[in-house]
Amino acid sequence: MIALERVVKRFGEVEALRGVSLSVPDGQVTGLLGPNGAGKTTALRVLYGVVTPDSGRATVDGHDLATDRRAAQERLGVLPHAQGLYPRLTAREHVRYFARLHGLEGALLERRTAEVLAALEMEEFADRRTEGFSQGQRVKVALARALVHDPRNVVLDEPTNGLDVGATRAVRALLARLRAEGRCVLFSSHVMQEVAMSCDRVIVIARGEVVAQGTPDELRAATGKASLEDAFVAAIGSEEGLG
Amino acid sequence: MSGGPGRVLSLARAVLAKELVDGLRDRRTLSMALVFPLLGPLVLAASFSLVSGEARTADEQGVKLPIAGAEHAPGLVAFLAEAGIAAEPPPADPEGAVRRGDAEVVLVIPPGFGEELRAGRPAPVRLVVDESRRMASHASDRVHAVLAAWSARTAGQRLVLRGVHPLVTTPLAVETVDVSTPESRAALLFSVMPYFLVMALFMGGMAVAIDTTAGERERHSLEPLLANPVPRAALVLGKTGASSFFSLVALAETSLAFALVPVLLPPERLGFSLRLDPGVVARIFVLALPLLLAANALMILVASRARTFRAAQTTLSFLMLVPAVPGFVLAMTPVKVQPWMQVLPALAEQLVMVRLLRGEAVGAGDVLRAMAASLVLAAVLLAVAVRDLERGRVLFER
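Protein chains in written order, with our numbering: chain A, 660 to 902; chain B, 63 to 460.
Hints listed in this document are in silico derivations from the structure and should not be mistaken for laboratory results. A hint or two may mislead.
[Stated by the list, open to error] Each pair of labels, with its calculated beta carbon distance range:
id, chain 1, residue 1, chain 2, residue 2, range
1, B, V97, A, R788, 47 to 55 angstroms
2, A, R716, B, G66, 21 to 29 angstroms
3, B, W402, A, D720, 48 to 56 angstroms
[Unchecked claim] Examples of chain B residues toward chain A, derived with CB under 8 angstroms:
id, residue
4, A76
5, R87
6, R90
7, S93
8, P153
9, D155
10, R281
11, H282
12, P286
13, L288
14, V292
For every residue, glycine included, the Cβ atom is placed at its ideal position computed from N, Cα and C.
Working from the sequences, and respecting the hints, build out all of it.
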């Protein structure tokens, strides 16, 4: 369960978030949908604790990022907007590093590392240095290090960006599995079809505000549009910035 | 959020281990930590053997001097020979020969020499040298000195002929007393050592300090790192620890190489005994440790504030000179030590190093004062780096 309450964030003159409130339940995949520049990435960055809001609060399973960042981040697996890897480390070393940063050690660390590498079908390239990895392999490394500590809550910022069909399907399958395991999953996208295919609930954000939320059916009903795409355009008020 | 110092240290170890593996696999890091430290000692050894070798050849083998027109001044040629300067047949084109480097010095005695000399007028001789050649200057100095001696002797003979005591032309008797000891002469040569040691502190860890901060941000791996439940102090300590490790390697290598210079250059080759007490080297090494930590904390802080990898590189290469320059100045000119100098990190250490190298007794107070000052500086810089990270200014909000 993760939540934002009336979160406001300004960068200089720009008001990136103007009082965003949202709540993401366990056992569901929730899509954060919005055009480029709507504030999706900033909202997620507040959630995983690398951006401090000017006002409002962010919580993970009730732990406030501002006052108990450690407890909140321990319950969170993050695929951030930036997915940079260390070119001189192997895929396995990436996963181990993040496992250690989450306090895992010894046999448990090795077991969790092996499990997550197997789950993402990474054994073949697990012991190669990441320099020269394909985009699909890179995303898998980033996902593996985000999930190695078995987090109850998972936040993914544009997880399918730049992936080919095969890798996109793999991410979709992963989302379904995370939901089946009862986790709370929030992922952002500016691609309509992506959200329609994977999500139980959709939160539409535009110009730093939540403009609509609900199941895809509820969104269609609320906007009186037949397709989710039309509903989305109606909700954000323009077609600007859609991918 | 902290979870106690034990957890901070445990996580700092995790960061340290990762950054060490990463650094050890980086060719840039290794070459800066391993190759650069040899530069100072190599320059020192090379200049020693060059300078001393040249002086030795001139002194031991005597100077060979091609003389054109030797037949015009047999007395002068004989005087030169007595002083160890052997006449040689002249080249066809004296100036060309010197310019090409075939001869170091050529003496040209014109036909009118004897006539002028007998008439009591200044008899002309020409000394052809290339002053821009270091090797030639020693030979030409020798020839100059012998010519001056001959001139003075001839002047004295003329005065005696006229009934004047030659000493009346020597109103001043200058006597130079050299109070230098072998240690202090060696110290003069080793005075560049503090400069190179301070450079090694920075150069050793610089690649890692930049790669783990500005580099981490530039390759977009900082954001995922910061999404982990890790106290910012653990990140700063781990990264500073990793860069300090490479500085430590560089410092040890530089110290060792300087200690080896006298071994590689034995006294019979140098013409004087050059000693560097291993105890002094060990003390200098320990003295430099807090400064090493401060240097790396400074590099981590500055590099994490730099916009890009390259910007960090430029800033640090310049910044590194600031603490090293006092060492360079100390090597050139003696400085009256003021109290504030003894607590100014880098300068304080270099002052103590110079005294240790000169073989002077250094009180424990001076050493501890210098080390404590650097330790305080390191702590302040680390605290600022942690605060930067906690405020998130390192990531996006710049």
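(request) Identify whether the interface hint at P153/B stands, where standing means a beta carbon of chain A within less than 8 angstroms of its own. (result) Result: violated, 62 angstroms to nearest chain A Cβ.
(request) Under 8 angstroms, Cβ to Cβ, is where R87/B needs to be relative to chain A, so tell me if that hint holds or is violated. (result) This hint holds: R87/B lies near chain A, its Cβ roughly 4 angstroms from the closest one there, short of 8 angstroms.
(message) Tell me if the interface restraint on P286/B is satisfied: Cβ within less than 8 angstroms of some Cβ in chain A.
(response) 5 angstroms, holds
(request) Using the beta carbons of W402/B and D720/A, state whether their distance is inside 48 to 56 angstroms or not. (result) 55 angstroms, holds
(request) Given the range 47 to 55 angstroms, decide if the beta-carbon distance of V97/B to R788/A lies inside it. (result) Once the Cβ atoms are compared, 24 angstroms apart, the range 47 to 55 angstroms for R788/A and V97/B is violated.
(message) Less than 8 angstroms between beta-carbons is the criterion; does H282/B satisfy it with respect to chain A?
(response) 3 angstroms, holds
(message) Just to be careful: measuring from the Cβ of A76/B to every Cβ in chain A, is the smallest value less than 8 angstroms?
(response) 4 angstroms, holds
(message) Checking hints one by one. Is D155/B an interface residue toward chain A, by the C-beta closer than 8 angstroms rule?
(response) 62 angstroms, violated
(request) So, L288/B near chain A? Judge it on the closest CB pair being under 8 angstroms. (result) 5 angstroms, holds
(message) Please check whether R90/B passes as an interface residue: C-beta within 8 angstroms of a C-beta belonging to chain A.
(response) 11 angstroms, violated
(message) So, as I understand it, the hint says S93/B touches chain A; can you test that by seeing if any CB pair is closer than 8 angstroms?
(response) 15 angstroms, violated
(message) Quick check on R281/B please, does its C-beta sit within 8 angstroms of some C-beta on chain A?
(response) 4 angstroms, holds
Violated hints for the displayed structure, listed by number in ascending order: 1, 6, 7, 8 and 9.
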